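Those sequence lines, one after another, are chains F and P. The first sequence begins at 1426 in the numbering used here and counts up one residue at a time. The second sequence begins at 2 in the numbering used here and counts up one residue at a time.
What the hints contain is simulated information worked out from the structure, not anything from laboratory work. Among the hints, erroneous ones may be present.
[What the hints assert, rightly or not] With the C-beta cut set under 7 Å, the calculated list includes, among others, these residues of chain P facing chain F:
| id | residue |
| --- | --- |
| 1 | 65 |
| 2 | 66 |
| 3 | 127 |
Please read these numbers as outputs of a predicted model, since none were measured by experiment. Ideal Cβ placement from N, Cα and C applies to all residues, glycine included.
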Amino acid sequence: MKDIFDRGENRKKDFSEVPSDRERREFLKMGLVVTGVLAGGGILSLVSNVKKAYSLDAYRDEYPYKPHYAMVLRQDRCIDCGRCMEACVKTNSVPDYGWRTMILKRKNPRSVDQIMEFIPILCNQCNNPPCVRTCPTRATYKDKIHGIVMMDNKKCIGCKSCMMACPYNARYYNETRKAIDKCDFCFETKLSQGMNNVACAEACPADVRVFGDLSDPESRVFRMVHQLQKPVWVLRPELNAKPNIFYTKG
Amino acid sequence: MALISKALMSPAIKAAYDRVASGGRLYIASLIFFGVLLLVGLAAGVNALFITGTRHVYATYREIPVALLISTYVFFVVASTGICLVSSLGHVFGVKNFVPLAKRSVYLAIVTILAGFLVIGLEIEHPFRMALYNIISPNFSSNIWWMGTLYSFAVVFLTVEFIFLLTEGRHRQAVIAGFLGVVTEVAANSNLGGVFAMMHGRPFWYGSYFPVYFILSALITGCAFIIFFVFLAQKIHQKPMDSATARALESVARLAMLLLAVMTVFTVWKILTTSVGSPSAATAMNALLIGPYAFNFWVLEISGGIIIPFILFLVAKGKNMVMMFVASTIMIFSIFFMRLDMVVVGQIVPLYWDLGVVEASELHRYMPSISEILVVLGGIGFCALAFLLGEKVFDGFKK
């Protein structure tokens, strides 16, 4: 992990007439960043690795939670079958007037290959969550162990300021719970029961959603985020909310 | 003890009752009318919160989670801050011309905060949880927590100040309580601006503009409310305005003109800076300038909120009270919609607008529901009822 980010020292060592592997990788990475920007549009401001997704030093070498739950969405694999949404509704008793996850559709009429692409969205479980900052009663909070943005329903006063603050439209008011509801990475229904995957990822036939522990170098999410061959980005990175939902293609 | 208090209070209460009862037909009819409005508004809010559910009777939804009721709350509490600030120029900061406004203004500041609390109490889903968890589980990083807490303290300080103002020989204590009231009102007001200003996912709101704008806007609203209610008070008491009060209103009108000029500069810069900002903020501004909110903006906010009142104040020269009353009425009406536009337009651009997805390709729409309108009328009913009763109970806030 350290060698990935420790470029300052290595750049000097690698500076020679023959391009090193590292220089080739840097060049490739730069190309991927540019490609990513073009593919993602203005708001996505793509990044090619976790260093840029987490620009602060604190997030370069370690993740603040253990397990540090995260999800990588392999966007180009999504076929909009909706099974993730069905599984989420069933597992978490989501009413018909709300959603915890959904799939956005983008039309690309001038594209030479596929016209439509699909972008699954859910709560980004931000490390710097605007919803938590704005909640007057701490009804929504960042769990100190696993980092999931949770709800303490009994404290929710229904002011809906968290809905205003969330940059990802991830919250709605649930009449049955008498509180704001949101994705909790199936913590209540699965993770806290000893299971280790979330309903939407389990239900996906195309393996779009990869859920896991970003603090574990052996996990799939870690390896997908910490590679240089494919672009990895987050939604609305300019807000500095530090999401734990990553997107990739290819 | 009860007998003693009854013996002491009875004459005062009886006198107040007599003043109310002898107010005349129009006065009594107004009391009944605004009382009914208050009850209907309360019924609509209670139905929404505890019987039918807000999702079924309020027009807010996931993408526009707050709208008319929050903007009405903002309207009332910002007015309270303004009334408090303008009147404090006299009885706290010693500007003589403003001194005659003190008692009535402090009373109006309390009434308008309570009207705001009434409306927001019928807007949030669990007002009783709020009363409990705001105290036992506070979030000090939340602007909403600070805003609510500071406004609650402001009510206490203003009430103490009002009691001291009514009590002989307590001027010094009244000034201290008044000063604390002004400080908490301004801090609460600025935090209210901060609620919107710190929503960095909503570019139309985000930035340092709103906390400052809210104080300026409060002062303008305060001027309008004071002129409006002082004029009406003279009509209720059916007496000509005394020269000190007339001079005070002249000063308020001049202050209003200055503030309206400053507001024009603020508005121009908000338009210019937002127009070159993020696509989302620029789209929202576009909706305000030439889109679905253009009528509200140009006719109400700009013409009714700034230009027409400025001209009327200019022509009235601080002497023509009827013209000043008309100006303040137009201002109050327009400012109500100014608040609504600020709250709604900040949310009409979908959060995924820049992503270019089908689901976020159109602006969100909002049209208030009957229940929301009734709750607003309930707030107005409370405010008017409290004003009418206050004029008689406190006997025109005489010295």
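Against the structure, the hints:
Residue-level restraint check for residue 65/P is violated (minimum Cβ-Cβ distance to chain F is 10 Å; threshold 7 Å). Annotation: residue 66/P was flagged as interfacial toward chain F, and the flag holds, the nearest CB pair being 4 Å apart, inside 7 Å. For residue 127/P, the shortest C-beta to C-beta distance to chain F is roughly 5 Å, which falls under 7 Å, so the interface hint holds.
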